[in-house]
Structures are given as C-alpha cells and as structure tokens.
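S.K.: So the sequence lines, in the order shown, correspond to chains A and B.
So that you can map any letter, position 134 of the first sequence is 138 in the working numbering, and since no number is skipped, the others follow by simple counting.
So that you can map any letter, position 172 of the second sequence is 260 in the working numbering, and since no number is skipped, the others follow by simple counting.
You may find that some hints are simply not true.
Stated by the list, open to error - In silico DSS-like pairs for lysine-lysine, Cα to Cα no more than 27 Å straight-line: (1) A:60 <-> A:200; (2) B:293 <-> B:265; (3) B:608 <-> A:164; (4) A:164 <-> B:293; (5) B:293 <-> B:241; (6) A:60 <-> A:238.
Stated by the list, open to error - Calculated from the model, a selection of chain B residues having no Cβ within reach of chain A, i.e. all distances over 10 Å: (7) 172; (8) 423; (9) 440.
Said to hold, decoys possible - If you want the ones that stay clear, here's a sample from chain B, every Cβ over 12 Å from chain A, calculated: (10) 555; (11) 560; (12) 565.
Source of the hints: derived by calculation from the structure; they are not laboratory data.
Glycine is no exception: its CB is placed at the ideal position from the N, C-alpha and C atoms.
Listed here are the chains, written in short residue letters.
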Amino acid sequence: MGPLAQTITRLYGIRGWIGIAIAALVLFVLVPVLNLAVPQNHPLHVSTFLVTLSGKIMCYAIVALAMDLIWGFAGILSLGHGLFFALGGYAMGMYLMRQIGRQGQYQSELPDFMVFLDWKELPWHWWMSDQFWWAALLVVAVPGLLAFGFGYLAFRSRIKGVYFSIITQALTFAAMLLFFRNETGFGGNNGFTDFKRLLGFDVTAPQTRVVLFAVTGATLLGVLLLGRWLVSSKFGRVLAAIRDAETRVMFCGYNTLHYKLFIWTLSAILCGIAGALYVPQVGIINPSEMSPANSIEIAIWVAVGGRGTLVGAIAGAGIVNAAKSVFTVAFPEYWLFFLGLLFIGVTLFLPGGVVGLLRARRRSRPVALTEAAP
Amino acid sequence: MKNALRALVLALGLGCASIAAAALDAALVAKLAFGDNDEKIAAIRAFVTQGEPAAAPLLDALANGQLQTAGERVLIVREEAAIDAVSGETVTPLPEAREDVIANNRVRGELANAVAALRLLAPDRALRFQAVKELETGASAAMLPLVRRALEKETDAEIRATLALVAATIEVKSGDKTARLAAIRALASSDSPNTRSLLGSILLKQRDGRFVEPDADVRRAAEDSLIAVQRHLAWGERAGLLFAGVSLGSILLLAALGLAITYGLMGVINMAHGELIMIGAYATYVVQNLVRAYLPGAFDAYLLAAIPAAFIVSGLVGMALERSVIRHLYGRPLETLLATWGISLMLIQTVRTIFGAQNVQVENPAWMSGGIELMANVVLPWNRIMIIGFAALVVIGVALLLARTRLGLFVRGVTQNRAMASCVGVPTARVDTWAFGLGSGLAGLAGCALSQIGNVGPDLGQAYIVDSFMVVVFGGVGQLAGTLVAALGLGVINKLLEAWSGAVIAKIAVLVFIVLFIQKRPQGLFALKGRAVEA
C-alpha cells in the first residue's frame, strides 16, 4: 500500500468512507437539485429556508468539531469559543457591509451605522475591508492570533481545568462588552445586518444560498477528515495522553505547551471559519454571539453527541440545534427547561453522549469511559 | 439700616411667638394679591428687602395656591379655616365669594427663593438649613440685607458657613470693588460646584479676546479662589469615588462570598450561584409583598424578615441541588460546571414562569432612602452605606462560623484532607451538604442586598456570575481574606478606571487585568501554603 492509501484506511474503514460519500452526494447533488430544479409545490422540493437552516446547523457542527478537538481529545474545556466564532463572523461581516456599497439607507459609501454616528471616514481597522481576500485572511488570522497569544500565556503558566474555563469565559465576556460599544466601530448593539452581496452575488438568491450550503458542507467534511487525521496520528495520541495524565507526558520528555497550543489555535481558527460561513447565511452578526451563554452551549452540543468522537460532535450539534429550532417555535417557554435538563441529564446519565450510547448498545456491554476529562 | 434694626428687633421679639399673628404691610399685601405679575414680583421683592419673617407663610400660601381674595380682604385658606393675611386674625365664617390669586411661572420662580430667604430667620433649625441650601443656587441681590441679618443672628456653625458663602455669592455681583474682592476671597472656602462656575464666569473671555471682567485685581483674586475651590471639589470627588469603589466592592464581596465557600473551600464550580442570588432577591420581593398585605404598619421593618427568608430559601435550594445533582459529580469539575449551568437555566425559567419575565418592584424602606451630604458634590446614599455595613457583618459572621464553630471546623477539615477527616469520624457527605447550603444562603443574602439598589429580574444573577468568579479566582481559592481584599480592590480599581475612561472600558480593563494576573500568579493574591496546593 502507498502512503496515501495507508492514510485513507487509517482515517475510516470502508463503512465510514461510504457514509462520507453518501453525505457528499446529499450535500453537493441531492439538496441543490431538490432545491433549485424541483418546482416549489412538488412534495420533494427542499425549501430555501430549510437549506439555510441546515447550512446554519452545519456551521455549528464545525464549531462543535473544533470544540471536540480541544475538549474531547485534549481535555481543555473552553467557555470562550463563541468569541472566535463571532470574530470570524465579524471579519466576514465587515466585507459584507462594504459590499452593500451605496445601497444602504443613507446611500453613503460608509456603512449605515457609521453615517448614523456621524463618522466621516472608515476607522483604521476597516482598512482593506472591501477586499475579499483580506476578509478571508482576517477570518483565519484574528481568531488564530488571539488564541495563540492567549493560549501561549495560559498554557505556559500551566493554567488548566476549571481555571482555564473560567478565564476563557471572562475573555469572551470582556469582548462582548467591547463590541457592544458604538465607539468600537462594529455597529454596537445591532452589529452588522442587511447584507446585499457576496463577491457580487445576491446573498438572498436561492442559488447563492445553495452554493453557501454546499461550501459549508464541504468545509464540514474537510474539517471532519482533518480532525480524524490529527487524532489518529501520533499527535493525537500525545494529546489524549496529555488529557489523561499531563504530568506523566511531561516526564516522558514532551513539551506539552506546543501540543496544547497547536490544537487550541487550530480549534479557534476552525471556529473563525465557521463564523465566516455563518454570517452570510443568517444575515446578521451582533455581540450577543459572544455572550458566555452561547459559548457554554457549544460544550453541551459536544457532550450530547459524545465527547472524544468527532461524529458525535456533529451529531450533537445537529440534534440540539434541530431541537432548538422546533422548540423555540412550538413552545418557546419550555426551551430553557429542556436545555437545562439536557445539561444535567447528559452529565449525570450519559457521559458518553449519544454516540457512546449507540456503541454500548452495539457491543451490548457498557462502554468504558476512556475520555473522562480531568 | 434703621429699617433692618427694627426688623431684627421684631424678629427677635417674635422669635417664639406665632409668626402668623404679626401684622404685615397692608399695601404690599394688596399689591401681591390684586396687582399684575410685575407688581406681584415687586411686592415679593419688597417683602424680602423688609426681611419680614411673617411674610413667609403668606408667600408660601401663594406658592401653594392657598391665597384667596374676598372683596378687599386677602385670605390664607387652609382647608376650611381662613386667616386674614394682613392682621393674622382667624376669619369665621368663611366668606362665600372668594377668588384664587394666580401665580404664573415667573412669579413662582421669584416666590420659591423669597420664601427660602424669609425662612432664614425661622426659629426651627431644619427649616433654616433647608432654606440656606435652596439659596445656595438661587440668591439674588435683593436678599443681601436679609442674608446679612440672618448671618448676624445665626448661631449654628454649619448654617453660618453656608450663609456666609451665600452672602459672598451675592456680593461678587455687586458694584463695590472692595466688597467684591472680600467676597471672592471668602468664596475660596466653598466646596460647591456652583461657586466653581460663578468664579469661572468671572474669568471668561469675550469673543473678541477681552475679559468679561475688566478689573485685573478681581480676576486675579477669582483665579486664586477658583484654584482653592477646585482643590476642595477634587477632594470631594476623590472621597465620592472611594465611596463608590467601596460600595461596589461590598456588593462584589457579598456576591462572591458564597462562591468562596462553595468553590474556594469545596472546589465545586457552581454556575448557578448567580441564580441563587436571584432567588434571594425574589424571596425579598415576596416577603415585602406579604408584609405590605398583612402588616402594612411594619413595612419599614420588612427587611428584618426578608434577610433570614432570603438566606433560608436560597440555602434550601442550594442544599437540594447538592443532594440531587452536584453530589454525583464530585471530582469532575468540568461536568459540575455544565450541570450547574443547566440548573441555572432551569431556575431562570422557573422564576420567569412564576413571576413573569419583567422586573419586579422592591422598595427601599423609608430609613434607607436619602443620604448623608458629605460635601456639596458628595452625597452618600443610605442604602449603599447599609450594604457596606451589612457586607462587613456577613464577612465577620462567616469568618467566625468557619473559625469558631464545629461546622466550620469540619468544613476546614474536609477541605484540607477529605479522607483523613472521614477517618476521624467527620460525616463528610453531610458536611458537604451543609457547607453548600451555607454558601447558597450567602448568595441569598447578596440577593437581598442587591434588591435594595438595583432591578430585580430573572436575569439578575447572570450579571454577577463572571464578576464573582473573578473575585474568588483573583483573591486566591480557599481564602476568605483573599476574597475580601480582591472584592474591595476590584471595586475601587473599577470605579477609579471608570472615572477616567468610562464604565465599559473600565470593566474590560479589569477583566483583562485579572486574566493577565492569573497568568502571572495562578494561585491568586493569597495562596494556600503547604500540601493543599497540589491536591
């Protein structure tokens, strides 16, 4: 076997690859055809609303994967991943705001909220924001650099466990307060909205929506394979060892700082990309995305699906967000009860998540919980 | 001067007698009652220049719409009784045909200050004090003789000082240069923002670059006095800032103290801590409503019942949580964090379902409203002072509880070495429940205190959870002293930064500071020494 074939078999078995092929078929062929080519009143027609909703949930799934990489595999629980997600979203949002051009309410070159604040020119951090490649660079660089700096300081002073979780929460809280200010130059409370075009295409057109959906799906599959490749490599084993007994790994001569810093920064970048894909589909980004509650919800997606299993993270994000979409429409007053019960129930009774439950049933013996976080 | 002396003798003579009995100048009263607005104002000024204290009830009656005319007579009508405004005699029966004397806004503005000026001679100290405070902002030149006379007669040091300033404020605007210079020098001892703007106005330049005030000597004196006033004001501002900081610190302390027990001593991450605070606030609300409904006479004392109620309700909820959920997650802090977050969501929704999503009204008892005026620009509200005192009491209580009682001994024992404590017979499971109940009860007390200064709504707790964790982490886990120092320190730092950079930036700066501080010193300000650190 060549090295490529080796890698392929290492990532997934034959059933896994078939599953991925089916997913790709659905994402890139079936849904676009059913949405665009099948007439609206046909029973098989997939509405644009559903396409956008699924696209949104797939963005969440990417975030869940990113979270699983650090929490499930490295034992670092971040309560600040909403920040990286929102930063990616804001970077993309700036570009989308510039694409509105003179079609805003005030017919000005400047975004509406700046006209409203009586600003005469773009602030310095909007430099080059009308270039897509620059926006794409920011999407990766801003969350990446912030996570690198923060992670370097935190991991170097061996902050871990709950301490780390709490200071990541403080970080996202501080950022939320910062973005709420009008003077920060990101639209304050209201954030960015009313987008018109992306790369010159109308963002509300069904065709654009389907393309965004497919791009999100491709990214999700790519992240899944990347994650699988990472965790099944030697790097992944060292990570798991750090999660289970960090001191011993250090005694064996590994510098755990490098491992943790790499996976932490990668995770933040993935969140940023997810945020960038999320904003054009949902059509709004505002500071509430950075609220501590949003970040902690990401952890519950992963916990529901099953920590330490990448498929579980995707499943968890899908299950919880689909339930949220149904619940908040059908009985909005019970959603918080349900979410709260989910938090309690999963931690008390379902430490392996849904995937753990299924695996246990398949083996018809209790699954040994190997990924108990410290 | 003769006039003034006569009035002084009159005022002294009538000091204790009924003021309303004094006879007033009938022509002036008629002018006030029947004249047009300009004549009314002229009459009011004349009364003030005469400095007749007996005119105060008359002017007061006009201000309150109690002045009526019946034919040629002017009457002060209160409910069904009428007094003749000139002679002060009671008029019975009440004449049928009466007309109200109307005062427009211009007259009213004049009236308010005139009444205050005339009250400067009132025998009641509180009345005089109130009057002089009112005059600080609205004294006019016509009042100068009256103010001077009041100054000669005044015995109370505090009122004298303020009166002197009022006199100086009037004299600054007068024509005589020596008097002005003296007045400006006298104003140097003022600590009121009004004096600052008054002196500042002397130093203003006109548009063409020349000074408004042509006399260089006056300008120089004003400049010197202004510097002195600004120094006084700066002290006031600093004192106010310090107080605000200590006040914020005491709130943070109350919010974080329960957490210092559950997280600091027991190591349980309780994300529902904020909701326990919220439950304490709602318990206060319920007690308030019960007292209002069943014991309306004792409303001012409802806090006496609310404090234990808040403690017990939050404590019981906390103990129930410990027994049902948290107990099963000991040793798994990250899971505890998620599960307690779930609990917090459910508690929020429960409260929303019971009490509605809107904020509820919790009223201060009467003795908690108002404040102490330390200086003209610094008022210390009573409710803040009470909360500082309350926080101090609670800290002392908790410290005594931990240091002197059997439960405290057990809690410390379990914290230091759970296995060994268990071996020597400490019922560790029960101690956990009680300690968690204590921490939760303290959160309830915080809620009770917060209900007195802010809104009470289902989201109340969310605002405090990040802050209280920061306090505990900053102070050092497992140390009450650390929590105390961290809470007060963060409160004062936050307020100082706030004065300098605005509230949001201050808050962000403090958060970033703590995040960086933890990197340098992960154990917090006060670290536990010895083996417990590695546990």
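S.K.: Identify every previously stated hint that the structure contradicts and give their numbers, smallest first.
M.R.: Hints 4, 5, 6, 8, 9, 10, 11, 12 contradicted; others consistent.
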